[in-house]
Amino acid sequence: MQIHKYDTVIVGAGGAGMRAAIESTKRSRTAVLTKLYPTRSHTGAAQGGMAAALANVEEDNWEWHTFDTIKGGDYLVDQDAAEILAKEAIDAVLDLEKMGLPFGRTPEGKIDQRRFGGHSRNHGEAPVRRACYSGDRTGHMILQTLYQNCVKEGVEFFNEFYVLDQLVVEENGVKKSAGVVAYELATGEIHVFQAKAVIYASGGTGKFFKVTSNAHTLTGDGQAACYRRGLPLEDMEFFQFHPTGIWRMGILLTEGARGEGGILRNKDGERFMEKYAPVMKDLASRDVVSRSIYTEIREGRGCGPEGDHVYLDLTHLPPEQLDAKLPDITEFARTYLGIEPYTDPIPIQPTAHYAMGGIPTNVEGEVLADNTTVVPGLYAAGEVACVSVHGANRLGTNSLLDINVFGRRSGIAAAEYSAKNDYVELPENPAQMVQEQVERLRNSTGTERVHTLRTELQECMDANVMVFRTEQTIKTAVEKIAELRKRYLDVSIQDKGKRFNTDLLEAIELGNLLDLAEVMATSALARKESRGGHYREDYPNRDDVNFMRHTMAYREVADDGTESIRLDYKPVVTTRYQPMERKY
Amino acid sequence: MATPTLDKTDKAEAGFADSPYITATFRIRRFNPEVSDEAQWQDFEILIDPKERVLDALHKIKWELDGTLTFRRSCAHGICGSDAMRINGKNRLACKTLIKDINPEKPITIEAIKGLTVLKDLVVDMDPFFQAYRDVMPFLITKGNEPTRERLQSPEDRERFDDTTKCILCAACTSSCPVFWNDGQYFGPAAIVNAHRFIFDSRDEGGEQRLEILNDRDGVWRCRTTFNCTDACPRGIEVTKAIQEVKRALITRRF
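Top to bottom, those sequences are chains H and X.
The opening residue of the first sequence carries number 11 in the numbering used here; numbering runs sequentially from there.
The opening residue of the second sequence carries number 429 in the numbering used here; numbering runs sequentially from there.
Note that these hints are calculated values from the structure, not bench results.
Among the clues, some could well be false.
Said to hold, decoys possible - Per the computed footprint, the stretches of chain X lying under chain H, defined by three or more beta-carbons under 8 Å from a beta-carbon of chain H, are:
| id | region |
| --- | --- |
| 1 | 454-463 |
| 2 | 511-519 |
| 3 | 536-542 |
| 4 | 549-560 |
| 5 | 576-584 |
| 6 | 634-647 |
Where is the CB? At the ideal position from N, CA and C, for every residue including glycine.
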């Protein structure tokens with residue numbers, strides 16, 4: 011076991027982690043621990059754009075953007091955070107441009123902007139061009155640009171280091187962060203990183219679904235590490251299903267395709283979104299579009315022999331426009347479906363895409379131990395966190411924005427904290443939990459296989475807690491997850507070695523997914539209303555009286571070792587927008 | 429009772445109709461220094477839909493047959509660059525290669541990319557690759573005061589370097605280059621592509637510095653124009669052309 015000491019440790023090297031690292035490295039001795047080489051992070055899969063009211067191509071302002079974000083999140087958004095997001099968006103985009111990001115350009119040479127779902131002029135009047143983009147590779151360009159600037163700033167990376175435990179120490183009744191414990195993939199060695207400040211930027215947890223746009227590696231490691239140490243998780247029942255995933259595969263096809271004029275059609279060729287969202291049509295918010303697609307499918311208007319998908323139609327758009335604005339997604343259709351998007355509509359279905367919930371933080375990125383108390387020295391930003399700027403449903407292009415605005419804020423805040431504070435003493439045997447976990451899995455002779463359990467989990471989640479939920483389906487999921495968690499104790503792996511033991515890491519990742527799936531389903535069961543991405547068929551209306559509040563889920567361990575989840579609630583921060591009925 | 433549902437299940441399991449499963453052999457170059465100093469080939473026979481990706485086949489093998497099989501992967505649709513490997517002798521991304529496109533009637537060979545040290549099975553040491561990338565100063569270099577708003581750039585100037593912005597640093601090009609195989613000191617195509625991305629960006633003012641780096645003994649002049657890199661690039665970047673453009677810029681000092 012090795013022990014390292016850094017002022018600031020960042021967990022994860024996607025957009026939020028690297029944006030934080032650029033700030034924090036300038037101000038404090040920083041280490042970035044990442045389970046993937048930084049450029050492998052899933053920020054690179056984001057396609058369509060990053061919202062900012064630059065008003066480069068038409069009238070726009072950050073107040074309209076704030077409103078759209080709050081409405082898009084079905085009024086579960088913390089309005090102070092949304093205002094910061096929309097205001098700082100403008101500088102966030104300009105900063106990236108100055109760092110070298112190759113944005114698409116207007117004829118005058120300014121950053122070009124396109125339409126995107128839920129982004130409107132003057133509080134819902136009509137779609138507005140707010141998304142700054144680079145073809146359909148905006149996430150790729152952001153990831154590359156941030157990595158390039160990390161190289162420029164000399165950011166210190168520990169590549170292929172898996173953070174498996176968050177060290178929380180209680181001093182005078184206050185929970186503080188002492189550092190993290192990581193597993194080095196190349197050697198199997200365990201490393202303790204003592205740090206004055208830790209920032210989690212480790213991304214989402216979409217891999218507990220089967221049909222998902224998420225990478226294999228998105229297994230909620232950061233959320234699980236904090237949750238196991240008694241820290242809460244906020245609004246985990248809110249998960250976004252992106253309307254246009256490639257049928258059966260779940261690969262993302264950007265909303266920018268509809269921003270460029272693409273249309274969703276059912277088996278009769280009907281543009282069905284006109285029925286569900288007369289103003290915004292195909293550019294309504296994602297939860298609305300995904301439910302509409304499934305309504306079409308359920309009512310027998312789905313396409314194909316099984317009637318289990320609909321079409322994304324781009325055939326009326328000029329091939330030059332597709333080549334210039336949507337080169338990657340048209341290539342995905344050719345590569346994976348063998349179809350030509352110039353002439354054929356693309357079969358799509360909603361795909362599990364984004365966790366609105368996560369580790370609760372305030373607007374400086376400080377992690378909360380309960381509704382109000384911060385954990386000194388602990389920060390989170392990006393998809394792993396819940397600020398909450400996305401509320402019950404995130405608007406497209408607001409995640410690339412989130413990672414830049416709150417990645418930067420947490421990087422600055424953490425480094426400033428490191429400068430003013432001393433190390434918290436490490437607990438005795440800091441690596442004990444990780445050592446035991448690794449040894450148990452390596453030595454287990456159990457009969458359960460990781461793949462079997464993971465597949466059963468994913469199928470259960472797709473069937474029971476996806477776009478439509480009821481008390482019964484969620485209960486089914488809760489019971490199944492409990493069964494899987496029990497069977498997980500009997501899981502064994504084949505690779506017993508030290509070097510590059512991905513068999514072992516997949517088993518650990520599955521444990522994280524199971525814990526988080528349980529939190530998600532439990533939170534969903536208790537929320538007896540429909541709001542944004544959480545739709546209960548047995549409670550189809552939004553209930554502001556009882557549920558305009560954030561869920562806070564805590565892991566509780568009884569004296570006899572039994573685990574349970576305790577749910578609490580946190581008020582929503584409302585500044586100037588009173589909840590209204592949400593129509594597109 | 430012969431219901432349509434039963435019929436369909438039977439067919440899917442038997443491998444007919446709309447689920448045409450086939451048996452394919454994957455011949456994989458295995459290496460685990462904890463077990464043996466020698467690498468060896470191992471065959472795996474699996475039942476798989478040929479419309480699936482080579483990555484799906486590797487997962488099937490790892491998850492159902494042999495958990496020790498080791499490879500990197502993440503996004504599974506060709507944008508993260510984790511899973512470059514030699515498939516039937518050619519560098520490709522396992523997640524962007526469909527089984528039906530590589531003749532599954534014969535054994536499909538899979539081995540680690542060449543020119544970088546193999547650490548275990550299909551995993552290579554990527555550090556020299558990323559070092560070459562860092563050496564070309566892959567970031568925007570500007571002089572003078574920053575403008576308040578964005579730097580202006582015409583759509584034509586933006587288009588000039590679009591091709592090389594697509595790079596995902598998967599190393600498929602560099603590890604397909606015979607010059608790189610023989611001399612690991614050569615920067616390799618990927619680093620040059622990333623230098624090109626900035627040399628031809630109208631906003632950048634570090635072109636001269638980068639050209640001097642690439643004028644080095646291990647720089648662009650080592651390129652023998654074999655086009656392996658262009659063939660290998662999963663993003664369709666015209667890598668050899670980019671290298672030629674850097675060579676030309678070195679001669680004319682115009683870019």
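Quick rundown of the hints versus the structure:
1. Counting residues of the region 454-463 of chain X whose CB lies closer than 8 Å to any CB of chain H gives 4, so the stated coverage by that chain holds, three being the minimum.
2. For the region 511-519 of chain X, the stated coverage by chain H is not satisfied: 0 residues place a CB nearer than 8 Å to a CB of that chain, which falls below the threshold of 3.
3. By the rule of at least three residues with a Cβ nearer than 8 Å to a Cβ of chain H, the coverage given for the region 536-542 of chain X is violated, with 0 such residues.
4. Proximity of the region 549-560 of chain X to chain H, defined as three or more residues with a beta carbon under 8 Å from a beta carbon of that chain, is established by the 4 residues found.
5. Restraint check on the region 576-584 of chain X versus chain H: 7 residues with Cβ-Cβ distances below 8 Å, three needed, restraint holds.
6. Interface restraint, the region 634-647 of chain X with chain H: violated (0 residues with C-beta to C-beta distance below 8 Å; minimum three).
Taken one by one, the earlier hints fail for this structure at numbers 2, 3, 6, listed in ascending order.
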